[in-house]
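A.B. asks: Chain by chain, the residues:
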Amino acid sequence: MARKLKIALVGNPNSGKSSVFNGLTGLNQKVANFPGVTVDKKMGFATLSDNEGNQIQAEYIDLPGTYSLYPKSPEEKLPFQILCDPSNESHPDLTIVVADGTNLKRNLFLCSQVIDLKIPVILVINMMDLVRYKKIEIDFHRLSLRLGIPVIPMNARTHEGVKELKKAIVQPLHVPDNDFIDVRVFSPVVVDTIRNVVHVNSNYNAFLVANNLDLITAFEIHQWKRDKIQAACKDHFFDSQQMQARETLERYKIITGIMNDCVVTPNTPIQKSISYKIDSLLTHRVWGYFIFLAILFVIFQAIFSWASYPMDLIDSSFQMLSSFIRNNLPKGLINDLIVGGVLAGLNGIVVFVPQIALLFFFIAILEDTGYMARVSFIMDRLLRKFGLNGKSLIPLISSVACAVPAIMSTRTIQNWKERLITIMVTPLMSCSARLPVYTLLIALIIPKDYVYGVNLQGLVLMMLYLIGFVAAVGVAWVMKHFIKTRERSFFVMELPMYRVPRWSSIGLHIVEKVKIFLFDAGKVIITISIILWVLSSFGPSGTFDKIEQKYSSVEYTRILPQEEIERKIQTEKLESSYAGLLGHVIEPIIKPLGFDWKIGIALITSFAAREVFVGTMSTIYSVGDTNSSKHTLKEKMQSEVNPITGGPRYTFAVGLALMLFYAFAMQCMSTVATVYKETKRIRYPLIQIFYMSGMAYLASLIAYQIFKP
Amino acid sequence: MNSEVKYLSELKRGQNGVIDSFTDYELSLKLLEMGCIPGEKIEVIRIAPLGDPIAISITGYMLSLRKEEAATVRVRIG
Chain Y
1 MARKLKIALV GNPNSGKSSV FNGLTGLNQK VANFPGVTVD KKMGFATLSD
51 NEGNQIQAEY IDLPGTYSLY PKSPEEKLPF QILCDPSNES HPDLTIVVAD
101 GTNLKRNLFL CSQVIDLKIP VILVINMMDL VRYKKIEIDF HRLSLRLGIP
151 VIPMNARTHE GVKELKKAIV QPLHVPDNDF IDVRVFSPVV VDTIRNVVHV
201 NSNYNAFLVA NNLDLITAFE IHQWKRDKIQ AACKDHFFDS QQMQARETLE
251 RYKIITGIMN DCVVTPNTPI QKSISYKIDS LLTHRVWGYF IFLAILFVIF
301 QAIFSWASYP MDLIDSSFQM LSSFIRNNLP KGLINDLIVG GVLAGLNGIV
351 VFVPQIALLF FFIAILEDTG YMARVSFIMD RLLRKFGLNG KSLIPLISSV
401 ACAVPAIMST RTIQNWKERL ITIMVTPLMS CSARLPVYTL LIALIIPKDY
451 VYGVNLQGLV LMMLYLIGFV AAVGVAWVMK HFIKTRERSF FVMELPMYRV
501 PRWSSIGLHI VEKVKIFLFD AGKVIITISI ILWVLSSFGP SGTFDKIEQK
551 YSSVEYTRIL PQEEIERKIQ TEKLESSYAG LLGHVIEPII KPLGFDWKIG
601 IALITSFAAR EVFVGTMSTI YSVGDTNSSK HTLKEKMQSE VNPITGGPRY
651 TFAVGLALML FYAFAMQCMS TVATVYKETK RIRYPLIQIF YMSGMAYLAS
701 LIAYQIFKP
Chain D
710 MNSEVKYLSE LKRGQNGVID SFTDYELSLK LLEMGCIPGE KIEVIRIAPL
760 GDPIAISITG YMLSLRKEEA ATVRVRIG
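Protein sequence lines correspond, in order, to chains Y and D. Counting in this note's numbering, the first sequence runs from 1 upward without gaps. Counting in this note's numbering, the second sequence runs from 710 upward without gaps.
Treat the hints as calculated values from the structure; they're not laboratory data. Virtual Cβ for every residue (Gly too), placed ideally from N, Cα, C. Do not rely on the hints blindly, as some may be mistaken.
What the hints assert, rightly or not - In silico BS3-like cross-links for lysine-lysine, where the CA-CA straight-line distance does not exceed 27 Å:
#: 1; chain 1: Y; residue 1: K272; chain 2: D; residue 2: K721
#: 2; chain 1: Y; residue 1: K546; chain 2: Y; residue 2: K331
#: 3; chain 1: Y; residue 1: K277; chain 2: D; residue 2: K776
#: 4; chain 1: Y; residue 1: K4; chain 2: Y; residue 2: K30
#: 5; chain 1: D; residue 1: K776; chain 2: Y; residue 2: K72
#: 6; chain 1: Y; residue 1: K234; chain 2: D; residue 2: K739
To be verified - Cβ pair distances, simulated, as ranges:
#: 7; chain 1: D; residue 1: Y734; chain 2: Y; residue 2: P86; range: 30 to 40 Å
#: 8; chain 1: Y; residue 1: S280; chain 2: D; residue 2: N725; range: 13 to 23 Å
#: 9; chain 1: D; residue 1: N725; chain 2: Y; residue 2: R3; range: 48 to 58 Å
#: 10; chain 1: D; residue 1: N725; chain 2: Y; residue 2: S240; range: 27 to 37 Å
#: 11; chain 1: Y; residue 1: I687; chain 2: D; residue 2: E713; range: 48 to 58 Å
#: 12; chain 1: D; residue 1: N725; chain 2: Y; residue 2: I274; range: 18 to 28 Å
#: 13; chain 1: Y; residue 1: Y309; chain 2: D; residue 2: Y734; range: 50 to 60 Å
#: 14; chain 1: D; residue 1: E713; chain 2: Y; residue 2: K253; range: 20 to 30 Å
#: 15; chain 1: Y; residue 1: K480; chain 2: D; residue 2: Y734; range: 19 to 29 Å
#: 16; chain 1: Y; residue 1: N196; chain 2: D; residue 2: N725; range: 45 to 55 Å
#: 17; chain 1: D; residue 1: Y716; chain 2: Y; residue 2: I483; range: 24 to 34 Å
#: 18; chain 1: D; residue 1: V727; chain 2: Y; residue 2: R683; range: 40 to 50 Å
#: 19; chain 1: Y; residue 1: R488; chain 2: D; residue 2: E713; range: 24 to 34 Å
#: 20; chain 1: D; residue 1: N725; chain 2: Y; residue 2: K234; range: 41 to 51 Å
As the list claims (entries may be wrong) - One-sided excerpt, in silico: chain D residues whose CB lies under 7 Å from chain Y:
#: 21; residue: Y734
#: 22; residue: L738
#: 23; residue: I754
#: 24; residue: D761
#: 25; residue: S766
#: 26; residue: L772
Please build the complete structure, drawing on both the sequences and the hints.
C.D. replies: So, in structure tokens, the structure goes:
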């Protein structure tokens, strides 16, 4: 009977904690959800054997990086809640503190806090390769004695120290004997009161509870206990900020003493380091921006064109599979559902994988090397006016290819408000799915002329992209003033030393991101896909049969070729399907924009994905599904007559209104699914749909009313 | 000894000193836990191309902060 051991990993950001996590768990990782928090629960598993040869089932949980147990951001609440609430389901039996060996003083602060919680702790001093490179000398034995806990030197990248860590993990659990500081003396009555009503293991734990009363709603304690604690704090003038300051200063006093005792650091100026020299280039006032733009360009190229090869491969594989199933399964409803609904939906999901993989590959490299922090550093002044972060540029540019991986990449932005604003405005950037729509409409209403040597059609296309960008930045500015956050946000940010990226970690990271997308966003996408398929494939009872009957009569079969009859059947079926009926229903609403019910149908089906517009229009205008049909579709649309005016249906005003509609409207279920997944709240994707539809409607309305003949 | 107290935001690149005190309580807690303790040596390493934020060195690592945040840190020079 293997014994279970829950182990939590904590540490400063940039301490290589995830490398240690990977070293301990390998591929045995999974990502789950923490209820009510936007942070993912990163877990890993391994089997270890102890000194007697018994098996231990280790369950590792990788907590978000933090500098102190005092939460200063939504993510940092997690280490506090998990470590300071013994009744929390994720409360560990053992905590591993991962420290950056070149930054020991600051890293020991968190470690000292965890030690004072009186739970079993092991300190891992990571990045030993850098420690040796910088000629820092650490007396591990002495440090271990002073701290009262095991200390393991490690270079997680080369697996140096992993064996020793595993050995230390399986030792009998031992609570550190000594406190770093005695916090009880800061406010004895409050600490005692808390210890009397809540089950915590240490005075420090009680002290932390008193300092974070608003967070203990997660602790399962009765209201009367909470009231008692609050009363005690009030009666004894417990000023949380003062207490924190006092505690911090005390801790650092002791840590300084320990550092002087156990660590020797040579006095080399930072200006001599390689990182400093690299920064001189990467944050240079000219070269810095140039290099950043070049990097953005490469990322864009990757997801725009390099990804198209595997994407085309995926599409054609699904086509083959669809034909195979369509032909080999008995004809009927199930066949249609599988091919038109499920397979089409799956195709729509899997096709994103190459773009997601490529985007995260580049982002992981930028993060791992330490460059990402520099992006924030050089762009902050410009972007903070709009509520955005320097790191917001990567999702914004990537969104020109596709918003789905772009929104996933906003994880790199730590500040919740900046991240939320970025997520909300990113889809306004004109993505590649809008391109077929733009191309068709531009060909329809913009002449092939040249104005002052500039191609008019190309110019309009560029303007559409520019409008998207301006809208994104404008909406961000507005949102900055509307979104209120309770917590004050600080820019204060570490600039880590540059490091060579860890390829295996990057690989694992990409696999993780792809898995999350496939299973979480995938569920939503497939559901909506099937719903839309049902809407366009079914009509009120009997209507479809009547259509089939009509076209099987001799009048038609004698004159028209079979192919054309098939197309006419499809057209009428679509028009009388539920989607078609909806198109008629919304016609009065979209009439002021210059649209008719046929465009209405296309708007409904494009909710799934924008490029569906072209396919739907092709069906409505009875155009076949071949490449030559592009011409035919344009011609058919050009010759369509507006019954009211007697003139062409697709005038300049209508075309312009339609283009603006597609520029602003939220017509991508994959994006909606991804936004939901990344914000973990239904309200944000709903707000997004609402405001973007509103913008689209208004823009189209104004454009049509101004330009209508 | 001729020492002056200036705000961190006033220091030029390459200037250094020792942290004296803070003028913003809440922000000071964040800076304290990051190792910016009164008495620690602090040096301005770099200023961003657009003038803001700045990068400083403290307890052996580099920290960047906005000018408005640096304006809450008093540094003793000389």
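A.B. asks: So does E713 (chain D) sit 20 to 30 Å from K253 (chain Y), Cβ to Cβ?
C.D. replies: holds, 26 Å
A.B. asks: Please check whether V727 (chain D) and R683 (chain Y) have a Cβ separation lying inside 40 to 50 Å.
C.D. replies: holds, 49 Å
A.B. asks: Minimum Cβ distance from L772 (chain D) to chain Y below 7 Å?
C.D. replies: Nearest chain Y Cβ about 6 Å off; hint holds.
A.B. asks: Should the interface hint for D761 (chain D) be scored as holding, given a Cβ-Cβ cut-off of 7 Å against chain Y?
C.D. replies: holds, 5 Å
A.B. asks: Are N725 (chain D) and R3 (chain Y) spaced within 48 to 58 Å by their CB atoms?
C.D. replies: holds, 54 Å
A.B. asks: Going straight from one Cα to the other, do K776 (chain D) and K72 (chain Y) come out at no more than 27 Å?
C.D. replies: Given pair K776 (chain D), K72 (chain Y) holds - Cα atoms ~20 Å apart, limit 27 Å.
A.B. asks: Taking the CB of N196 (chain Y) and the CB of N725 (chain D), does the distance hold inside 45 to 55 Å?
C.D. replies: holds, 49 Å
A.B. asks: Can you tell me whether the CB distance of Y309 (chain Y) to Y734 (chain D) sits inside 50 to 60 Å?
C.D. replies: holds, 56 Å
A.B. asks: Please verify whether K277 (chain Y) and K776 (chain D) have alpha carbons no more than 27 Å apart.
C.D. replies: holds, 23 Å
A.B. asks: Given a hint of 13 to 23 Å, does the C-beta separation of S280 (chain Y) and N725 (chain D) actually sit inside it?
C.D. replies: The hinted range 13 to 23 Å holds for S280 (chain Y) and N725 (chain D), with Cβ atoms some 19 Å apart.
A.B. asks: Using the beta carbons of I687 (chain Y) and E713 (chain D), state whether their distance is inside 48 to 58 Å or not.
C.D. replies: holds, 52 Å
A.B. asks: Run the distance test for K546 (chain Y) versus K331 (chain Y): straight-line Cα separation, threshold 27 Å.
C.D. replies: holds, 19 Å
Going through the hint list in order, the structure satisfies each hint without exception.
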